[in-house]
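Asker: Below are the chains, spelled out letter by letter.
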Amino acid sequence: MNPAQLHCEHLSKRFGDNLVVDDLSFALYPGECLGVIGPNGAGKTTTFRICLGLTAPDSGSVTIFGEDMPTQALSIKSRLGVVSQFDSLDPDFSCAENLLVYGRYFGMKRANINARIPKLLEFASLTHKADAKPGELSGGMKRRLSLARALINDPLLLLLDEPTTGLDPQARHLMWERLQQLLQQGKSILLTTHFMDEAERLCDRLLVLDHGRMIAEGRPRDLIAQHLEPDVVEVYGGDTQALAHGVLRALAQRTEVSGDTVFFYTQTAQALLQALAAYPGVRSLHRPANLEDLFLKLTGRQIREGA
Amino acid sequence: MRLRFWPVFLRNFLVWRKMIIPSLIANIAEPLMWLVAFGYGLGALVGEVQLGAQKVPYIVFLASGSICMSAMNAATFEALYSAFSRMHVQKTWDGIMNAPVRLDDVLLAEMLWAAFKAIFTATAILFVMLALGIANSWKVLLAWPILLGVGITFSCLALIFNALAKGYDFFTYYFTLFLTPMMFLSGVFFPLDNLPEGVRWMATALPLTQAVSLVRPLFMDQWPEHVLVHIGILTAYAVAAWTIALHLTRKRFKQ
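In order, the protein sequence lines correspond to chains A and B.
Heads up: the first sequence begins at 117 in this note's numbering, then just goes up one per residue.
Heads up: the second sequence begins at 92 in this note's numbering, then just goes up one per residue.
Because the hints were derived from the structure by calculation, they are not lab data.
None of the values given here were measured: they were computed from a predicted structure.
Take these hints with a grain of salt, some might be off.
As the list claims (entries may be wrong) - Just a few of them, taken from the derived set where beta-carbon distance is under 7 Å, the chain B residues facing chain A:
# : residue
1 : LYS182
2 : ILE187
3 : ASN189
4 : PRO191
Stated by the list, open to error - Here are the simulated lysine-lysine pairs, BS3-like style, with alpha carbons at most 30 Å apart:
#  : chain 1 : residue 1 : chain 2 : residue 2
5  : B       : LYS182    : B       : LYS257
6  : A       : LYS249    : B       : LYS182
7  : B       : LYS109    : A       : LYS235
8  : B       : LYS109    : A       : LYS258
9  : A       : LYS235    : A       : LYS225
10 : A       : LYS258    : B       : LYS146
11 : A       : LYS245    : B       : LYS109
12 : B       : LYS257    : A       : LYS249
13 : A       : LYS258    : B       : LYS345
14 : B       : LYS109    : A       : LYS225
15 : B       : LYS109    : B       : LYS257
16 : B       : LYS182    : A       : LYS258
17 : A       : LYS225    : A       : LYS258
18 : B       : LYS182    : A       : LYS245
19 : A       : LYS245    : A       : LYS303
20 : B       : LYS182    : A       : LYS225
21 : A       : LYS245    : A       : LYS235
22 : B       : LYS182    : A       : LYS303
23 : A       : LYS303    : A       : LYS235
24 : A       : LYS225    : A       : LYS303
25 : B       : LYS345    : B       : LYS182
26 : A       : LYS249    : B       : LYS109
27 : A       : LYS235    : B       : LYS182
Cβ coordinates follow ideal geometry from the N, Cα and C atoms, glycine included.
Just chain B, with the same shape it has in the complex (with noise of 0.2 Å):
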């Protein structure tokens, strides 16, 4: 069987890689000066955080958020304001589908590029993170399959809103009312357990919980805890995200 999404997938790392010098700043550069910023800056003033009964050195802490938020926004900018680009702008798609290649081909190599996009960057940083010695414990490496996991999640929730878009501006409420919250709600910068009640129940359902859930005891070398809860919470997303997304993209380009 030929896989016929794979040439559209090449054909994106084949841009990829024409201008890889300034997308790895964006990518890369920029998550890890937030990290040395408010990790070492706010950290100062933080000290450490309380977990449970454990405490953990804020910048510990942080980079274990902080990697999932950037596979997050790696895999949502590639599959907003890329994609869109492709699909609407620039015609890609409309071009690859007079060549014998089906239209959820093109949607499934568009999720898996932006999926590869949050796992390139996520890897990079944990390059560094490692070298820094923020990161100690080869457990860290285990964060790998769920960092992906991170960025198959936000490339399917983001191609819903790619599917729906007139224009870039579509994507800012994406991004307001969506992608801020889950930011500020999933324990990246704070431990949840400081929220209100009702917030608190509502940030345990979003979806970079669970990856933050996951990757933050491996930065403290330990185990998760409900490994499978978390895992089945982010594929649930995935699943359905996808569903959605691939039927709003036949409805767009049925007409």
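Bound conformation, chain A alone (with noise of 0.2 Å):
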């Protein structure tokens, strides 16, 4: 196997009493996609300052192409591009003039960044933007140029935190588009999201965070097959401690029950189904177990704080 291209090893960091980040030690190979997930307050954010070199972890070390941060940042950024949480966008610029100074900053020439400027604007759908400003732009189209200056430099490696959050679903399915191109170029990802569809999509290998420590890997198939039964019936209506605990509860493997619906976690939901048929007035869901089961069984259903 190649060399990882971004390595943290053994990674803490506390604020105050909270122990944010709690021995995290992970590696992300070339051309891989390596997703991010956790609730709010997981550690994600963190993770990627200190990846950054913006935060000085307690204890442990970043390696990105072999060299360390934050003692080699300035040598690692050349090669890196990053898309954070919050957009930082110069609003007095347009979308052209965006891409053009924050070439500058990488000591790009002039003429450089004017032969990438056009590919870029038309990688993310644009072109007819090139002279508007930020303020101008939807949420969507302000994601794909924070997405497209992260590009100025042709970076080996994409640090993109939290890039879909609040989008439309119109305006997501662009940005993954875009994000597959990326990564059918043979450029890698490192991506912290908050959407199970996104992370399934997109990530060939996943890290599930909670309370600063990793508590699953690998990749998300396995992650579902290796942690939940294949198929899930949601229960809505009804009395749900009576369907949980009744005889419905010798139909499936596992249940859990959130509010007022009852989740039958099960290897064939066939006979479960048929044994609903019984209940008039309760409706029901069947699907195969998502990456969300798989979320909410490893993180629990508690509204974290911040949320």
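Relying on the hints, combine the two individually framed chains into one complex.
Answerer: The structure is reproduced here in structure tokens:
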């Protein structure tokens, strides 16, 4: 296997009494899309900031392209593309000017930047908005401009912190399509996200964080197969406790009650669905187990602080 | 070696170029209005100012002080409100630091940029003063490096408060407790000799007083005294303020 492009070893970070990152180690290999998922406060953004040398870990090390972060931060960042959680586009510049000004931070020559701008605008589907300022763009357009800006130096590795948060479905799908294109070009991506469909669609491998620790790691499908039964039947309405603990209980491997919904996790849903026909007024949904089920199983259903 | 602060400085310059007209009015027209209103209006009442053994027309007295004050104000506004907008509101600094540019480079660029605004403002006012005949000695051109020094010193001082600010309201403290007293206690509007002794002693230690002491004789076609002392004090303020501002800014971003 190729040597890791990004390698975090035994990272720990404490803010006051709060251990935000707890002995976290992981690696990202060339051409791979590695997703970091976890509830609010799981340590995703702190880990992201440590990887960028913006936050100093209390212990542990980050190596990117074989160089140490933060001592070699400038050398590393010249080959890195970063999209942070909040847009930091220049509101006074047009889209094209945003790219030009950003390219200069990499020490690129004006001619080289100008040669890349039309390609990047096209990639971001913003050619028609070249002269528009960020204030005139939609949320999705702004995120794509942020992505285009992060590509100005033709980076090998992209670090994306929640790249589609706050976007509508159309804008999210367009963003995913672009990220897939980048992966096909051979770029590597480290991605944090709240969205399980995004993680499942884009990521080759996932890290599940909770309370700063890695609680699971693997390919999305493998993780689901490893931790969950393949079928889920959600049942709404009726007496949830009676449903969950009555005769139906024997037809599922595992049940879970959340609010007015009972979740039945089962190897085969057939018998359960037939039995449910005897319960009039109860609605049900049969679907395959997904990452969201895995996520909720591993991290629990309680609302996290700040959520 | 690549000068990493330069593209950041250039970024600010490009934004400024887009709004040069309102910027010019704020930075140049306003100080000139002060000068004309007070210099000619109040000057008619005051006539000449006794400065040691000499008498100076009030307009010359005021012009030499107010150009220092204009440099101070231009640097201060830029390094407080504008730098804070870029650092905290627009997150421009965060974006820049994702590229191979360090926080120290960004802060240096902001400091030099505010100093540039100060020297640009002062230069424009200087030309108007020359055109109006308020300044008529070639020696006023030597005020230029001193005014650049004023710009650097006050942008460093303002960046300390920028690093500490939670919001724009915080800057009111700096203006009310520091800048406004400085304006009145540095010999810009009236000679320091008229102040009570305790206040005068304090006033001579202020950074703006050093600049006024250096610039005023040049407007009177004379050479300033104790040049090295004044430059030394101004430099000491700048170096100390820069060191503190850098330390506090690093602390702000380290979490």
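Asker: Provide an ascending list of the numbers of those earlier hints which the structure does not satisfy.
Answerer: Failing hint: just 10.
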